[in-house]
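Trainee: Each chain, letter by letter, is given below.
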Amino acid sequence: MQNFKRKKPSDIILFALTWLSIGITAAVLVLVVGYVLINGIPFIRPSLFAREFTTQNQSLFPALIGTLMIVGLSLILAVPLGVFSAIYLVEYAKRGSRFVAIVRLTTETLAGIPSIVYGLFGFIFFGVFLGWGLSLMSGSFTTSIMILPLIMRTTEESLKSVPDTYREGSFGLGAGRLRTVMRIILPAATPGILAGVILAIGRIIGETAAIIFTLGNVARMPNNLFDTGRTLSAHMYALANEGTHPGEAHATAAVLLIVVILINALSSWIARFIRKES
Amino acid sequence: MNKFSIKDVNLWYNDFHALKNINMSIPANEITAFIGPSGCGKSTLIKSLNRMNDLVEGCKITGSILLDGQSIHGNIDVNALRKRVGMVFQKPNPFPMSVYDNIAYGPRTHGIRSRSKLNDIVEKSLYDAAIWDELKDRLKKSALSLSGGQQQRLCIARALSVQPDVLLMDEPTSALDPISTAKIEELVLKLKNSYTIVIVTHNMQQAVRISDNTGFFLLGEIVEYGETQQVFSIPKDKRTEDYITGRFG
Ligand SMILES: Nc1ncnc2c1ncn2[C@@H]1O[C@H](COP(=O)(O)OP(=O)(O)O)[C@@H](O)[C@H]1O
Ligand SMILES: [Mg+2]
Numbered sequence: 001m002q003n004f005k006r007k008k009p010s011d012i013i014l015f016a017l018t019w020l021s022i023g024i025t026a027a028v029l030v031l032v033v034g035y036v037l038i039n040g041i042p043f044i045r046p047s048l049f050a051r052e053f054t055t056q057n058q059s060l061f062p063a064l065i066g067t068l069m070i071v072g073l074s075l076i077l078a079v080p081l082g083v084f085s086a087i088y089l090v091e092y093a094k095r096g097s098r099f100v101a102i103v104r105l106t107t108e109t110l111a112g113i114p115s116i117v118y119g120l121f122g123f124i125f126f127g128v129f130l131g132w133g134l135s136l137m138s139g140s141f142t143t144s145i146m147i148l149p150l151i152m153r154t155t156e157e158s159l160k161s162v163p164d165t166y167r168e169g170s171f172g173l174g175a176g177r178l179r180t181v182m183r184i185i186l187p188a189a190t191p192g193i194l195a196g197v198i199l200a201i202g203r204i205i206g207e208t209a210a211i212i213f214t215l216g217n218v219a220r221m222p223n224n225l226f227d228t229g230r231t232l233s234a235h236m237y238a239l240a241n242e243g244t245h246p247g248e249a250h251a252t253a254a255v256l257l258i259v260v261i262l263i264n265a266l267s268s269w270i271a272r273f274i275r276k277e278s
Numbered sequence: 279m280n281k282f283s284i285k286d287v288n289l290w291y292n293d294f295h296a297l298k299n300i301n302m303s304i305p306a307n308e309i310t311a312f313i314g315p316s317g318c319g320k321s322t323l324i325k326s327l328n329r330m331n332d333l334v335e336g337c338k339i340t341g342s343i344l345l346d347g348q349s350i351h352g353n354i355d356v357n358a359l360r361k362r363v364g365m366v367f368q369k370p371n372p373f374p375m376s377v378y379d380n381i382a383y384g385p386r387t388h389g390i391r392s393r394s395k396l397n398d399i400v401e402k403s404l405y406d407a408a409i410w411d412e413l414k415d416r417l418k419k420s421a422l423s424l425s426g427g428q429q430q431r432l433c434i435a436r437a438l439s440v441q442p443d444v445l446l447m448d449e450p451t452s453a454l455d456p457i458s459t460a461k462i463e464e465l466v467l468k469l470k471n472s473y474t475i476v477i478v479t480h481n482m483q484q485a486v487r488i489s490d491n492t493g494f495f496l497l498g499e500i501v502e503y504g505e506t507q508q509v510f511s512i513p514k515d516k517r518t519e520d521y522i523t524g525r526f527g
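The listed protein sequences derive, respectively, from chains A and B.
So that you can map any letter, position 16 of the first sequence is 16 in this note's numbering, and since no number is skipped, the others follow by simple counting.
When you read off a place in the second sequence, starting at 1, and then add 278, the result is the number in this note's numbering.
Each hint should be verified, as a subset may be incorrect.
Claimed, not checked - Label pairs and their calculated CB-CB ranges:
#: 1; chain 1: B; residue 1: Ser425; chain 2: A; residue 2: Trp19; range: 52 to 58 Å
#: 2; chain 1: B; residue 1: Asp332; chain 2: A; residue 2: Leu81; range: 28 to 34 Å
#: 3; chain 1: B; residue 1: His388; chain 2: A; residue 2: Lys94; range: 27 to 33 Å
#: 4; chain 1: B; residue 1: His480; chain 2: A; residue 2: Lys94; range: 31 to 37 Å
#: 5; chain 1: A; residue 1: Ile102; chain 2: B; residue 2: Glu499; range: 39 to 45 Å
#: 6; chain 1: A; residue 1: Thr165; chain 2: B; residue 2: Val356; range: 48 to 54 Å
I should point out that these hints are in silico values taken from the structure, not numbers from a laboratory.
The C-beta atom is built at its ideal place from N, Cα and C for all residues, glycine as well.
Model the full assembly from the supplied sequences, consistent with the hints where possible.
Mentor: Printed below as a string of structure tokens:
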């Protein structure tokens, strides 16, 4: 009581507002997750994971594999490119040079473009112009362009947050720039880079428009890189659109959520592992 | 014998004239201290000796700096120069890795791969930096878990690991407590037998305690340079006298 009396009214209001905000945020999260899981989990059954999709089983398995393939392929394309571009911009290019300014402006603009525009571009360029059609190739190239600015930005930020004293220490021992970047800077920046990769994965998994335009939305497992398929989000979109299998749509949503949670857990485990190593 | 001969050195950060006509000789196997108010160019000069200023954009230097009679700006590999002229910084800056890997980083950089050789170097460097006994059971621990004073001695050991001739120290004790400071001073006095040491300090008692020569800097110029005894007892320049007697801003 004594403690309470001494507090100013503005403190109490701030305190209340803080807790209110936390409460609302947590409530929304619990509500969404709860809604998806409660409605979805009762409909999860083995037939949903059948190898082949049929109108009877409404299997999400091909879409699950399609998701993993799209995520894997676009990360393979975008992560090295994005990370090395960022390394160039932060560690090699002259600070404040014209070229760097132009690259920054470009990536920032790219980051703001709605995904449907990427989808249209991917469809026209990869699908039609390069003749890749609706395929894993078109889809993963499109999503990799979509996440490239994100990877570059988060990598740049993590590289910049590595203290200059590390660079001085390394150069002061006679190490060159390449060795300094590879052995000192990059390991120190890895947790931040991984956080960016997690965000990128989230963007790909959640994507529908760009995916349907480039990968297509056919319920089967792609046989090769130039084959079409679908992802879980696109699958959900299709199920929800048809409206004939609401239970399966909910179950798919639950599986999608679980996949996202698993990927996040895996990534943060990797980040912790790397931090412990270095 | 002179380790460094500095002749007519001028240095600019873009348009800012940070060092003006510096001339001095730094004798081998002695401790040379740079003192002066902050912003007067002490760090700038010490960083010129192993060309760490190359990393600063817009930094231009004229004049000559000779190391053992050979220009450090001529036909010389800057990484080889920095191997010969080691550096310890104001804030301890161990790498975020184990104690062992911190020390082994330098030798590995210069091509040493053999495990037993690296083990020897790590032990010898830590021993020479008077921290082997404290750390010998913690080689696998992260260097960031050490105390500030231990981290700084680790950084000294790291600098020693590549067998330099010269050790540049830029206010190495300014972030440390008095006990750690005393340990480092004792260590520096011991290292003088094998290395040429240049130390920047804002602490005049420290300069008196450990250095053989002292240079007093003011606004990018070297006002007075001579034997420490002389500089502190009978300074030739009025400004030096004002500074060491504390009559200075
Ligand atoms: N990288 C830099 N760019 C521009 N000016 C600098 C830079 N480093 C130092 N200076 C300026 O040069 C002068 C000398 O700095 P410094 O050598 O660090 O002084 P000290 O170590 O004696 O305190 C100061 O006025 C400082 O502002
Ligand atoms: Mg300084």
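Trainee: Each hint should be assessed against the structure and marked as holding or not.
Mentor: Status of each hint after checking the structure:
1. Here the CB-CB span from Ser425(B) to Trp19(A) is close to 39 Å, at odds with the stated 52 to 58 Å.
2. Separation of Asp332(B) from Leu81(A) is about 30 Å and conforms to the stated range, judged on CB atoms against 28 to 34 Å.
3. Between His388(B) and Lys94(A), the C-beta spacing of about 28 Å keeps the proposed range 27 to 33 Å intact.
4. As the Cβ distance of His480(B) to Lys94(A) is approximately 33 Å, the hint placing it in 31 to 37 Å holds.
5. At about 42 Å, the beta-carbon gap between Ile102(A) and Glu499(B) stays in the expected band of 39 to 45 Å.
6. At roughly 19 Å, the beta-carbon separation of Thr165(A) and Val356(B) lies outside the given 48 to 54 Å, and the hint is violated.
The structure shown violates the earlier hints numbered 1, 6.
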